[in-house]
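Trainee: Each chain, letter by letter, is given below.
There are 2 protein chains.
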Amino acid sequence: MNAEKRNFGRIALFGIGLIGSSLARIIRRDGLADHIAVAARTQASLDTAASLGLADLTSLDAAAAVQDADIIVICTPLSTYAPIIESIAPALKPGAIVTDVGSVKGSALRDLAPHIPDGVHLVPAHPVAGTEHSGPESGFPELFDGRWCILTPAPGTDEKAVETVADLWRACGSTIEMMEAEHHDQVMAMTSHIPHLIAYTIVGTATDLEQTLRNEVIKFSAGGFRDFTRIAASDPSMWRDVFICNQDAVLEMLQRFNEDLTALQRAIRWGEADTLYELFDRTREIRRGVIDAKQA
Amino acid sequence: MNAEKRNFGRIALFGIGLIGSSLARIIRRDGLADHIAVAARTQASLDTAASLGLADLTSLDAAAAVQDADIIVICTPLSTYAPIIESIAPALKPGAIVTDVGSVKGSALRDLAPHIPDGVHLVPAHPVAGTEHSGPESGFPELFDGRWCILTPAPGTDEKAVETVADLWRACGSTIEMMEAEHHDQVMAMTSHIPHLIAYTIVGTATDLEQTLRNEVIKFSAGGFRDFTRIAASDPSMWRDVFICNQDAVLEMLQRFNEDLTALQRAIRWGEADTLYELFDRTREIRRGVIDAKQA
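If you read the sequences in order, they're chains H and Z. Residue numbers 1 to 296, in my numbering, belong to the letters of the first sequence in order. Residue numbers 1 to 296, in my numbering, belong to the letters of the second sequence in order.
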């Protein structure tokens, strides 16, 4: 792992939420760039970015923000990728690198690649990090420390450009993993997207309970429910886009989950104690794997 | 809240796992009892309890353990309640209090009440606390600090006996809540049992993945899956019994959850972005409730 800090020239960030603002904080703190330009959809976000000292230039005009940028990092929800790249493509300078931080890589390639001009490089990335908080104020420079960052460049992508993006994330404290985009989306469907979907669902189910029962569910949430409410407090726009963009893999994994849940439901209905014990015992092994992999 | 420490006389504990051994540690540390007797199913558990200094007397013979006990606390899985109470009932002294720590209270009343001799009091209790670890070594005296303990005595239960059990849990740092057993089981189905069931299911689904994908799911588990593996590492015997004993409430809540998940699945399949956003936004309110209730 090459943790050497280098200067990445001029960096333009699209979106200044949890991920974008954490990245900006690190770039600022460690002097990783000569210039940070920030583009966002609302003036309020830009004002916050400016007041936090995270930007040398802020702009609602996407093309103006990428002027002369060496690296362009898209940190907005996945559904904005196509309009953003369309608007900035003509302003990109030769040799520039376009990257992103989105949780689905198949759709990132699909939406970005066709608009990348000749001589500009596309290196999609996914820092596997986050909290349930969103917005420019929620960022912090330790967010990526010791976390994975998965790069999914298409075959034939310029190696120097890939190495530059890898170096940027290494400078943020991440460990780099290379993966094929479709495979990335399968893995994330199971490790991240389905857990979030389930957490949103159960918290939604609780929301629909009669008032008295709902208040008690909140009061006694420490029994397990609490952890789900934290997960289900994540940014709604981001997650809406994740499920739309990773539809196939999510539906496939959800189908498997549903079958397993139905089997468990049946075991409970028929009082099949041994079936329940066997599953509950078997799942401990995965936990040991997580602990051994130092991800606990 | 009455935090005054009193002496509870002679206490007998059945089972010396996470809850039983945590309770024993507090009783020892704060001198809450003159004598602690520990009964368990295996000599190994008794030896551990003895070596940890948690027992004045250990015994595989249930009746011997309750000899002269003022308070008997059942800390074993729910399926053991009926055989335990049957074996100790003849040895209980007049005025003794039988209590438990089980997660389902309807079945606790059903299994214990018919065997309680005249002059002996039954005060079921549920300390809403735990970790994913089990066994005598996993206990610690801070486990119940600031956590709820729910008492579900049947109507007409001796008030002094109820107050004694409440005092014992207050002495352990808990806050007391009184509830009707059936209602308790409904609330816990949603706050604890369904979250555990879902966590077990998804970790089971991951366990069945092809080897390569499973290894990557473990490697990248920090995206959300990790939290589910922790929940799904809880004691399998305990949870098997919870689902069998709280069958009705669990199946009812599971049905609601299933309907909601199916609706969400349909929204993903048809790309209904607005439906997804609306749900993901709505669930944030419950999180705010959890934070306001200081349960976060």
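Honestly, I wouldn't trust all of these hints.
List time: in silico SDA-like cross-link candidates among lysine to any residue, alpha-carbon distance up to 25 Å [said to hold, decoys possible]:
#1 Z:Lys294 with H:Arg226
#2 H:Lys219 with Z:Lys294
#3 Z:Lys294 with H:Gly9
#4 H:Lys93 with H:Gly9
Quick caveat, the hints were computed from the structure, so don't treat them as lab data.
Trainee: If a hint holds in the structure, say so; if it does not, say that too.
Mentor: Here's how the hints hold up against the structure:
1. Z:Lys294 with H:Arg226: With a Cα-Cα distance of about 11 Å, the restraint between lysine 294 of chain Z and arginine 226 of chain H holds, given a limit of 25 Å.
2. H:Lys219 with Z:Lys294: 9 Å, holds
3. Z:Lys294 with H:Gly9: 46 Å, violated
4. H:Lys93 with H:Gly9: 13 Å, holds
In summary, the one numbered hint that this structure violates is 3.
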